[in-house]
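Engineer: Mind docking chain B on chain A? Use the hints.
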Amino acid sequence: MWVWFSKLGSPKWFYELSGKWLPWLITAMVIFMTIGLVWGLLFLPPDYQQGFTSRILIVHVAVAGTSLAFFPLMFVAGTITLVWRMKLADMVAKNAAILGAWFSFITLATGSLWGSVMWGTWWEWTDSRLVSMLFQLFLLLGVISLRSALEDSDTAAKACALLSIVGCINVVIIKYSVEWWNTLHQVSSPVNMDASSPNGPEFWIATLIMIVAVYLFLSVSLILSTRNEILERERKSQWVQDLVLKS
Amino acid sequence: MKPHRRKKLGIILFITAGLSVAVGFTAYALKQNINMFYTPTQVAEGEVGAGQHFRIGGMVKTGTVLDAPDSLKVNFVTTDFVSDVPIQYEGILPDLFREGQGIVAEGEMDAAGVFQASRVLAKHDENFMSPEVKAALDAAGASADNHMPAGTN
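Sequences listed follow chains A and B, in order. Note that the working numbering numbers the first sequence so that position 199 is 1151, with each residue one more than the last. Note that the working numbering numbers the second sequence so that position 19 is 1480, with each residue one more than the last.
Among the hints, erroneous ones may be present.
[As the list claims (entries may be wrong)] Derived Cβ-Cβ restraints for the label pairs, each shown as a range:
#, chain 1, residue 1, chain 2, residue 2, range
1, A, Lys964, B, Lys1492, 30 to 36 angstroms
2, A, Ile987, B, Asp1599, 39 to 45 angstroms
3, A, Lys964, B, Arg1467, 26 to 32 angstroms
4, B, His1465, A, Ser1105, 18 to 24 angstroms
Think of the hints as simulated: they come from the structure by calculation, not from any bench. Glycine included, C-beta positions come from ideal geometry on N, C-alpha and C.
Pulled out of the complex, with its shape left as it was, chain A reads as follows (with noise of 0.2 angstroms):
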């Protein structure tokens, strides 16, 4: 394990894996994001009281719980630049955060949408859930302007861990604020097996989709960003320069 462990820290090995594995993701992704959003977008049933509007929920839902993922990527990528000084694991969390944003993004603009046409508001300040939400937004800002700001890598890394901390445990906030305290938005919606119920399949078979197809695409954002990154750093290396040869 601890060989495989050192040898996805080379930037070399990780190069050429993923440039096998990213066929395959692209493919999955194009297949899940098309059946998801098809479905979703036009054969997804219309909620008893919210009408067809609730359709907004396949976007919504699968990019916020998708970009609750990346602190906790950040927080593990850290853990290992700090610890076992594995250069790729800071690549990944530099990319993380940047992607991350991005996320976030989607998800309180969706939201927004969303609570306008239902709530009646477009944003409320004293609802926890939405306001941790913009939080993680300005902590992952925190992390990009951060490791432009400071030039010493071994120090931003140690800064961008540091946040990811407390990124790690606003998750834990924006997951359970809607139990913890009574907000306008919902608490979440719980995935029923029964046809004939609240959130049966009829909802959250497309979700679970779009979920998948959400997390296929941070996957290969991610890799394709990462490779990036490695072709940048390790471009006076032999091997860089044989592959730009060679293409």
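Structural biologist: What follows is chain B alone, placed relative to chain A:
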């Protein structure tokens, strides 16, 4: 694991634990401030000071909505099934506003004990279902209600 790595991992875990405890205590201390609204029961128990501007959240009690025919004035009662608070509002209600629906209203209590709302928001619950499922559930619920003694529902 090498000692210097073990030490670093220890520092990271220590910071994580410390920050979690600090955030946990802060959130606990600020509990009522983080809550978006008071429930009708909290209002009935006098948790809200006189003349305070606050938000109240509950269900629109069935059969209590009175629309004025010639203005945007509306009166209704909000309930958490323990206590009731009457609300008066003048303005446009969200589309989702209806009897049995969750709402959050912002405003003040007047001398007569009526909540004078300046804003009313709709709060939808976590149950998504198609009109067909809702109709089937209502049909099943209606037949179940017939077996219950009067006044329990």
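Engineer: Each hint needs a verdict: does it hold in this structure or not?
Structural biologist: Here is what the structure says about each hint:
| no. | hint | in the structure |
| --- | --- | --- |
| 1 | A/Lys964 <-> B/Lys1492: 30 to 36 angstroms | violated (52 angstroms) |
| 2 | A/Ile987 <-> B/Asp1599: 39 to 45 angstroms | violated (32 angstroms) |
| 3 | A/Lys964 <-> B/Arg1467: 26 to 32 angstroms | holds (29 angstroms) |
| 4 | B/His1465 <-> A/Ser1105: 18 to 24 angstroms | holds (19 angstroms) |
Of the numbered hints stated above, those contradicted by the structure are hints 1, 2, listed in ascending order.
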